[in-house]
Amino acid sequence: MKNRIINTLNILWLQLLRQPLFLVLLLGGMIYEGLGLHQIVNPGEFMPRSSFLVQGGILAFLFIGIWIVRIETIHQLDDLYLSIHNGFVPRLFAKLIFGAFISFFVGIILYIEYAIVYLAEGFSFNHLFFSAFLYVMLYFSFTFYISYLLGFMHAFLTKDRVVYLYSIIIWGLIGPANFVFLGRTLQRVAEILNLGEPNPTIGYDGLYGFAIDSVYWQKHLLWLVILLGMFLLALSLRYRVFTRRKTNMLFISLSVIVFVLSISLNLERHVYSSGNARTQPREMVEQNYYSKKQVVPKQYNIRATSYTIDLRVKRLVTAQVKMALKNQEQQSLHHVDLSLYHGFKVRTVRVNGQSASFSQKKDRLHLTLKNKWISGRNLKVEINYQGLSSPLFYANGQSVYLPYYFNWLPSTQLSPSFTLDNGSLTRMNHQNMQKVSYVLHYRGRTPLYTNIPERTHNSWSGNTRGLTLVSGEVQNESRNGKSYVHTTNLKNPQSNDLQKQTMTFIEAAKQDLDLGHRAFPKTIFRIPILSISDLSSEEFAWYTDDTLIVSDASEYLLKEGLDSYVSWLVPAVTWKYDGIRVQDPDYVRAFDMTYAYLYNQSEHIGNDSEVLDWYQSVKSTGEKQEVLEWLSHWMKGQVAKNIDISVAKKKDFCRSWYRLMKSGDSSWSSLNQLLKKEMGRS
Amino acid sequence: MTTLKIDNIVKTFGKKRALDHVSLEITGTFGLLGPNGAGKTTLMRLIATLDTPDSGKIELNDLSWTQPHQVRKLLGYLPQHFSIYKSLNVCEVMNHFAVLKGISEKEERKREINHILEAVNLQDQKNKKIRALSGGMLRRLGIAQAILGDPKMVIVDEPTAGLDVQERVRFCKLLRRLAENRIIILSTHIVEDLEATCDHIAIINEGKVITSGTRRELTKHADGHIWEMDSPMDADPPIPEQAIISTVQQGDHYRIRFYHDTELPDAGQVEPNLEDAYLYYMKEADHV
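Keeping their order, the protein sequence lines are chains A and B. So my numbering is basically just the index in the first sequence, starting at one, shifted up by 4. So my numbering is basically just the index in the second sequence, starting at one, shifted up by 130.
Bound conformation, chain A alone (with noise of 0.2 Å):
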């Protein structure tokens, strides 16, 4: 059989060496391949763009299975190759065997293009580079190979010269480009038969990496084991290649496996989906869910001092978490309200060792006690939960992006995940303000990276102001005692420049502002935090004492793009860090916006020249209409001679302001009156 089987396989491949249409077609998948590479510079981008590469490549793998059959069709050998013993058996193997070779071949030849072009560009051959080769085996060449089946087995099973026209429906149908075939009404559908990028209108995510989750393996396993069997049991029937016997075990085998793999698919789980392709793409679902109001309950005086947590991260995250809360009220208190993202479904709670009553509705727990809770006094709760994280932060078994502004926690804060302001969503921060003990236990994928220190394998545990879990496709940089976690698609990722641009606004904003105690974070991670639809400035970053989280995956930042990352700094590590709540955004906004400018002008960083823009764009009447007229004038200098409109004095005034904003006075009025003594006009 072996023998048979490996000089068939020979026999096919000088036949396709001797087609001049596929060195054709190979040279110009490589040379079209080469253009895209020259175009996108970043390797992770590349992936993801190259659907129209996988588009073409299953066109023409569906007529090489054509082809496979058709040469022997033409020559009607079916029957000699019957007539033989074990003549037919070992030749058809051959050919589905020879499909795969040919895929795995085709999809080397690209992967080694693409890991010459950008090695010899100067990135280093990291873990990017490993999950690179797995798309391509994932999205290129087991695509391919279904492909290759499907015109093989149609080919095979009709010997008509419609199934070319079969192919090209085909095509269309199972492509990455299959949406626009399919349209908005089957989008649905076209999601379940894309075999190729599963987010192929939008560009890649630097933290999650490449959509190669096991999921997607399971549905290519899935497609080929029913191809196989279907075509196995059709030859049965039709040529008795296999005995009855032989004939039953197959259709029982193949049954059961696909049986269990239709159920694994259908389980519940947590993918990475963005874009106008996919059905539920994560920009819109937390819109969705947000999009109604939630009633958030008393906040009442209680403090989490320590937490132990035992945390799996697979298909979904399952958590076992014992906290201990102090009554920092006057009172007794008879229930306990905490926040919880709704995606994790609490299973049990357990106060003081004993079991205990709670609701769930939406991101809001509700303990009641037992036995009151004296003030003062500490109170032990346990709750297990299990469940879906946001669409927005990651945890499954591709990557985790846990922070500590997430109620992925049980929460004192009790403002829900998210709200929703004039249409935009915003993260809601659930940081403590004081530092509290966390044990961390944890299972799911590595290396994770955390800002409290690894005791044993497993085995975290430190004192902060908030847990912060990230894996994925990043690696670390450590420098003197500092870690510096971010993508690993970054050619040179500047963890200096980053380092000392961050450490030197840090200096310059706790003098300007008198901000306090801001110490250099020891852990910064650069990863991509937002989805497409994010787009305010103080969502980009958060920073705690031992964190500083930067949204960026990008080689711009500190090239062209300093001016933004300032922009960025200012709400992390000013009113975000000291736990100011607004009314109005707006006068947040129009405090980073000030000082963010002024900081450049001083650090001689280029500001974007439309920034002041920002004040005359924003919607106001009234007292805030009034600051932001001014702010906008006195910034670009169209004052009057007396005013006095050095940096200097603005960063004066924007010292004034931050104090006013801790003293939780957070009105226009206000603001109007500092600014107007400020500037000398009152």
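Check each hint, because a few of them may be wrong.
Computed far set for chain A versus chain B, every beta-carbon distance over 12 Å [said to hold, decoys possible]:
| no. | residue |
| --- | --- |
| 1 | L20 |
| 2 | V121 |
| 3 | V184 |
| 4 | Q191 |
| 5 | E195 |
| 6 | Q222 |
| 7 | K302 |
| 8 | A328 |
| 9 | D341 |
| 10 | Q364 |
| 11 | K376 |
| 12 | Y488 |
| 13 | Q587 |
| 14 | K623 |
Here's a subset of chain B near chain A, in silico, CB distances under 10 Å, partners left out [what the hints assert, rightly or not]:
| no. | residue |
| --- | --- |
| 15 | G206 |
| 16 | I214 |
| 17 | K231 |
Since the hints were made in silico from the structure, they are not lab data. For each residue, glycine too, the CB sits at the ideal point set by N, CA and C.
Position chain B against the provided structure of chain A, taking the given hints into account.
For chain B alone, coordinates are given in the frame of chain A:
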């Protein structure tokens, strides 16, 4: 001597009965003669295990055709329309079939291929691409692959169709040479091919075996019924057209060969050949 026994085979396709209670005993070189649509190819396909009869048995000594996987070990088959991959050469094709037929050892395979190519007179073309072969060469390649692995039985379906006279004669001689120690079953509608090749012949028409026997037995049946007479060129012959076997021009008149049950004036009785016998049988079958 090995005998292939075909016992009461029936095969129907839809409403058409392709083989109607066919029974034969086949040894040596055996020819199946009959017009197009007689059932020859259907019978050949059944013997080649490419299809199964609706009823009846086929057996070779102790081996039954209900075990096709065992039967195929003994078979060589040259289908009616033999063609093969144009981009390969003769040696590559032969090597491929040799491996498929289980000749796994490289040196042994090489020897056998060379021996067979020598026997079919294709040794000089062994590196030639298939697309460069003539029709006759291609057919010889077909028989070459059929006898790879030294099969006990070779089934050759209409092997000379489309070949010119020279190629046909050459091919028939080749078959004769290859017939030593094996059964060769040859189906054709060209009588001369059987005369040169086969010891035993069966005539099939409309799915039934009209007769079977040696050449001598078949021709003997037509004894006394085959006549020849001369007829002027400008006059209609005095014989019904359906009774005429052949008309050959000889100088200024025709020599007409025909069958007739009784003596005719000016006609001389002649010894029947196989073609005469075949046509006579077919005529009888039509009248039944």
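Going down the list of hints, with the structure as the test:
Distance check for L20(A) against chain B: the nearest CB is about 9 Å away, which does not clear 12 Å, and the non-interface claim fails. With a least beta-carbon separation of about 34 Å from chain B, V121(A) lies farther than 12 Å from that chain, consistent with its non-interface assignment. At the 12 Å boundary, the C-beta of V184(A) stays outside the reach of chain B, the nearest C-beta of that chain being 38 Å off. In this structure Q191(A) is separated from chain B by more than 12 Å, as the shortest Cβ-Cβ distance comes to about 45 Å.
Separation of E195(A) from chain B is adequate, the least Cβ-Cβ distance of about 41 Å exceeding the 12 Å criterion. With a least beta-carbon separation of about 36 Å from chain B, Q222(A) lies farther than 12 Å from that chain, consistent with its non-interface assignment. The claim that K302(A) is not at the interface with chain B holds, since no C-beta of that chain comes within 12 Å of its own (minimum 82 Å). Distance check on A328(A): its Cβ is at least 75 Å (rounded) from any Cβ of chain B, clearing the 12 Å threshold; non-interface status holds.
The Cβ of D341(A) sits about 75 Å from the closest Cβ of chain B, beyond the 12 Å cut-off, so the non-interface label holds. Listed as outside the interface, Q364(A) is consistent with that label: its C-beta sits roughly 65 Å from the nearest C-beta of chain B, beyond the 12 Å cut-off. Even its closest Cβ contact with chain B, about 84 Å, leaves K376(A) beyond 12 Å, as expected for a residue assigned away from the interface. For Y488(A), the non-interface assignment is confirmed: its Cβ lies about 58 Å from the closest Cβ of chain B, beyond the 12 Å cut-off.
The non-interface label for Q587(A) is consistent with chain B: the shortest C-beta to C-beta separation is roughly 79 Å, beyond 12 Å. The claim that K623(A) is not at the interface with chain B holds, since no C-beta of that chain comes within 12 Å of its own (minimum 73 Å). Below 10 Å, beta-carbon pairs count as interface contacts, and G206(B) has one with chain A at about 8 Å; its hint therefore holds. Given hint, I214(B) at the interface with chain A, holds; its Cβ is 6 Å from that chain's nearest Cβ, closer than 10 Å.
Contact between K231(B) and chain A, as hinted, is supported at the beta carbon level, the nearest pair being about 6 Å apart and thus within 10 Å.
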